[in-house]
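So in the working numbering, spot 364 of the sequence shown is number 376, and the numbers just go up one at a time.
Hint data in this document are derived by calculation from the structure and do not stem from the laboratory. Just so you know, not all the hints are guaranteed correct.
25 Å max Cα-Cα, derived SDA-like pairs, lysine to any residue [as the list claims (entries may be wrong)]:
{"id": "1", "residue 1": "LYS319", "residue 2": "TRP343"}
{"id": "2", "residue 1": "LYS319", "residue 2": "GLY358"}
{"id": "3", "residue 1": "LYS541", "residue 2": "GLU211"}
{"id": "4", "residue 1": "LYS541", "residue 2": "THR278"}
{"id": "5", "residue 1": "LYS541", "residue 2": "TYR200"}
{"id": "6", "residue 1": "LYS541", "residue 2": "ARG207"}
{"id": "7", "residue 1": "LYS541", "residue 2": "GLU553"}
{"id": "8", "residue 1": "LYS319", "residue 2": "PRO389"}
{"id": "9", "residue 1": "LYS319", "residue 2": "ARG102"}
{"id": "10", "residue 1": "LYS319", "residue 2": "GLU302"}
{"id": "11", "residue 1": "LYS319", "residue 2": "ASN362"}
{"id": "12", "residue 1": "LYS541", "residue 2": "GLY290"}
{"id": "13", "residue 1": "LYS319", "residue 2": "GLU553"}
{"id": "14", "residue 1": "LYS319", "residue 2": "GLU344"}
{"id": "15", "residue 1": "LYS541", "residue 2": "GLU302"}
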Amino acid sequence: MLSSSVLKTFSSLLGILLVGSQTLAAQTAQTPVLPTNQEIFAPLEVPGANPMRRGSGLPGPDYWQQEVEYRIRTNLEPDEHRVSGSEVIRYTNNSPDQLDVLWVQLDQNLFSVGSRGSLLNSGNRFRGAFAEGGFQLDRLEVQHGGQRYEPVILVEDTRLRIALETPMEPSGDALQLEIDWSFVIPEYGADRMGRLATERGWVYELAQWYPRMFVYDDIQGWNPLPYLGQGEFYLEYGDFDVEITAPRDFIVVSGGELLNPEEVLTSEQLNRLAQARGSAETVHIVAPDEVGTPASRPSGNGPLTWKYRLENARDFSWAASPAFIWDAAGWEGVLLQSAYPHEGLGDAANPGWERSTEYVQHAISHYSNRWFRYPYPVAVNVAGIVGGMEYPGIVFCGVGARGLALFGVTDHEFGHEWFPMIVGSDERRYAWMDEGLNTFINHYSIREFYRDDPSVGQRTTGAAVAARMQSPIADQPIMTYPDVVRRQGLGYLAYRKPGFGLVLLREVILGPDRFDDAFQTYIAEWAYKHPQPADFFRTMEEASGEDLSWFWRGWFYSTDLLDQAVDAVTVSPDSGITIQLSNREGLVMPVTVDVELESGETFRLQLPAEIWMRGDLYSLSLDRDELPVRVTVDPDAMLPDADTGNNVWIREAS
Numbered sequence: 013m014l015s016s017s018v019l020k021t022f023s024s025l026l027g028i029l030l031v032g033s034q035t036l037a038a039q040t041a042q043t044p045v046l047p048t049n050q051e052i053f054a055p056l057e058v059p060g061a062n063p064m065r066r067g068s069g070l071p072g073p074d075y076w077q078q079e080v081e082y083r084i085r086t087n088l089e090p091d092e093h094r095v096s097g098s099e100v101i102r103y104t105n106n107s108p109d110q111l112d113v114l115w116v117q118l119d120q121n122l123f124s125v126g127s128r129g130s131l132l133n134s135g136n137r138f139r140g141a142f143a144e145g146g147f148q149l150d151r152l153e154v155q156h157g158g159q160r161y162e163p164v165i166l167v168e169d170t171r172l173r174i175a176l177e178t179p180m181e182p183s184g185d186a187l188q189l190e191i192d193w194s195f196v197i198p199e200y201g202a203d204r205m206g207r208l209a210t211e212r213g214w215v216y217e218l219a220q221w222y223p224r225m226f227v228y229d230d231i232q233g234w235n236p237l238p239y240l241g242q243g244e245f246y247l248e249y250g251d252f253d254v255e256i257t258a259p260r261d262f263i264v265v266s267g268g269e270l271l272n273p274e275e276v277l278t279s280e281q282l283n284r285l286a287q288a289r290g291s292a293e294t295v296h297i298v299a300p301d302e303v304g305t306p307a308s309r310p311s312g313n314g315p316l317t318w319k320y321r322l323e324n325a326r327d328f329s330w331a332a333s334p335a336f337i338w339d340a341a342g343w344e345g346v347l348l349q350s351a352y353p354h355e356g357l358g359d360a361a362n363p364g365w366e367r368s369t370e371y372v373q374h375a376i377s378h379y380s381n382r383w384f385r386y387p388y389p390v391a392v393n394v395a396g397i398v399g400g401m402e403y404p405g406i407v408f409c410g411v412g413a414r415g416l417a418l419f420g421v422t423d424h425e426f427g428h429e430w431f432p433m434i435v436g437s438d439e440r441r442y443a444w445m446d447e448g449l450n451t452f453i454n455h456y457s458i459r460e461f462y463r464d465d466p467s468v469g470q471r472t473t474g475a476a477v478a479a480r481m482q483s484p485i486a487d488q489p490i491m492t493y494p495d496v497v498r499r500q501g502l503g504y505l506a507y508r509k510p511g512f513g514l515v516l517l518r519e520v521i522l523g524p525d526r527f528d529d530a531f532q533t534y535i536a537e538w539a540y541k542h543p544q545p546a547d548f549f550r551t552m553e554e555a556s557g558e559d560l561s562w563f564w565r566g567w568f569y570s571t572d573l574l575d576q577a578v579d580a581v582t583v584s585p586d587s588g589i590t591i592q593l594s595n596r597e598g599l600v601m602p603v604t605v606d607v608e609l610e611s612g613e614t615f616r617l618q619l620p621a622e623i624w625m626r627g628d629l630y631s632l633s634l635d636r637d638e639l640p641v642r643v644t645v646d647p648d649a650m651l652p653d654a655d656t657g658n659n660v661w662i663r664e665a666s
């Protein structure tokens, strides 16, 4: 039995609770309960961490990836526009899995009539199919476990499946593939390779030109997605030993180190190359007036073989032409080069390819000093039919580019040396992981080079991105697979939106110090590896100390707009200044507020995105007696605000 004193105490507490609940009910009846933004701020659902990929975003202790080495001997036959090759692939299975089959990429089959890519991309920039297009495979043999045999193969569009007679064992088993092949070079190969007729001869740009291994990884196993044109590449790392035989009057350049310069260059050209290596100024190896002259090539008859070596790279590309002007300079041991026909030359008012090596030098030094040291022995810019495409150590840019346009495409393509050449993401699925991250670093590079020209970079303003976000092409999220993206929207979804989103993450959300440390950590930890989107998200969060689920979800996984507004401003003797803010669309961002008082004093307030956790309305209280005359959100116009007309409150004249 309870004592009378305990009963009295219990009755008193019960009465307080009942009165309190009645008061709360009365308040609830008067004030509507607004929905919270739990869905926006909930933890982002990504694949769970494991010994391969840590929760910190870094590679785990059991991380593995396959290894591929290529030895290729190839001949360029310009009379028939044909390339033929004999190739040995050494493939090492570092996975914990037994492999019964191998998958090999046959990218040239995109240019076969009726290929999947030709049917999807007919008439656009990723076209290129023609009657003679595609690989011809003349021989394929496997050497494994002391046996040599011709395997059962299946060619399906741009994919080759090889059935192994004896499976590859886990954790270090290796084999060799030997393949003889040839193909006719497309005139316009999906804006990635091709040939250009110039007054002094053809310019050949060779890419996706040899059978190469698909990636086998811990996420998907084999990744034999067909090459359709718009989606780019996912490749393994390894070493390349390449010999290219071409007519004697041709200059051949590649992303590798030239091993036999004394066999393919004149003594004067050797001297000029040595001079260029130590020179910050551009040095002609083949000057404009020397192109096509007998003195520009070694004496003798017959073709020459150019031998190249490239280590720890995911691809190998090259270019060749009798029409090349060739110049070079040096930067910290890297030989910077440009190869272009006379059609690439400009004039004083509109400079052309004669400034290319200067642009290359800026890109390589800027990205090296800011993010991660450039790893390759050369950096070559080639002018030809390709508008802009990137490969380890070499890029292709349009011969007609001039001035700012030439700088922009050169800077962008060499930015790709970091994404995806160093950080080897899956471009076939996640275009933003190379194009978007590259567009982000381009933003700072171009501003540094043109620091005296405020008009440069106007396409990456908040207003410009906001306008594009409201266009009909913006109805797909960034995470859309690139081959599914409408071709009109590729530039926005793969380049502009993710690139600008990272500018916001650096300048508005994290600040430069935290962002730069996190971004440098991501590059260094995932260099020459295969990161997934979750790895990037986690690395940025771990290194910066922030849960950014709301940002990834809103910017990368949705098509929501942003509209911050100042709804009202009131002043009372009891509460001071109250500023009523609202978030009128689905995207959330931090809020910057400028307040101007009657006295002329102005001050700025920085509010985190978390103010929107409990709803889309927020009351900001300021303990000031003085009357405000103007309140502005996003005063620097950093954000992609869909309606800037509600960003400013101005006190009406009394």
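Comparing the hints with the structure gives:
1. Only pairs whose Cα atoms come within 25 Å are accepted, and LYS319 paired with TRP343 is accepted, the gap being roughly 23 Å.
2. A C-alpha spacing of about 32 Å is found between LYS319 and GLY358, which places the hinted pair above 25 Å, so the restraint is violated.
3. Using a Cα cut-off of 25 Å, the hinted pair LYS541 and GLU211 is violated, with the two alpha carbons roughly 43 Å apart.
4. Between the alpha carbons of LYS541 and THR278 the distance comes to roughly 40 Å, so the proposed pair goes past 25 Å and is violated.
5. This hinted pair does not check out: LYS541 and TYR200 have alpha carbons roughly 31 Å apart, beyond 25 Å.
6. Annotation: proposed proximity of LYS541 to ARG207 is violated, straight-line Cα distance about 32 Å (limit 25 Å).
7. Of the pairs offered as hints, the one joining LYS541 and GLU553 holds, with about 20 Å between alpha carbons and a cut-off of 25 Å not exceeded.
8. Under the criterion of a C-alpha separation no larger than 25 Å, the hint pairing LYS319 with PRO389 is consistent with the structure, at around 14 Å.
9. Between the alpha carbons of LYS319 and ARG102 the distance comes to roughly 19 Å, so the proposed pair stays at or under 25 Å and holds.
10. A distance of roughly 24 Å separates the Cα atoms of LYS319 and GLU302; the hinted pair therefore holds under the 25 Å criterion.
11. A hinted pair counts as satisfied when its Cα atoms are at most 25 Å apart, and LYS319 with ASN362 does not qualify at roughly 36 Å.
12. At roughly 32 Å between alpha-carbon atoms, LYS541 and GLY290 are farther apart than 25 Å, so this suggested pair is violated.
13. With a C-alpha separation of about 45 Å, the suggested pair LYS319 and GLU553 falls outside the 25 Å cut-off, and the hint is violated.
14. At most 25 Å may separate the alpha-carbon atoms for a hinted pair to count; LYS319 and GLU344 meet this at roughly 23 Å.
15. This hinted pair does not check out: LYS541 and GLU302 have alpha carbons roughly 43 Å apart, beyond 25 Å.
Checked against the numbered hints given earlier, the structure breaks hints 2, 3, 4, 5, 6, 11, 12, 13, 15 and satisfies all the rest.
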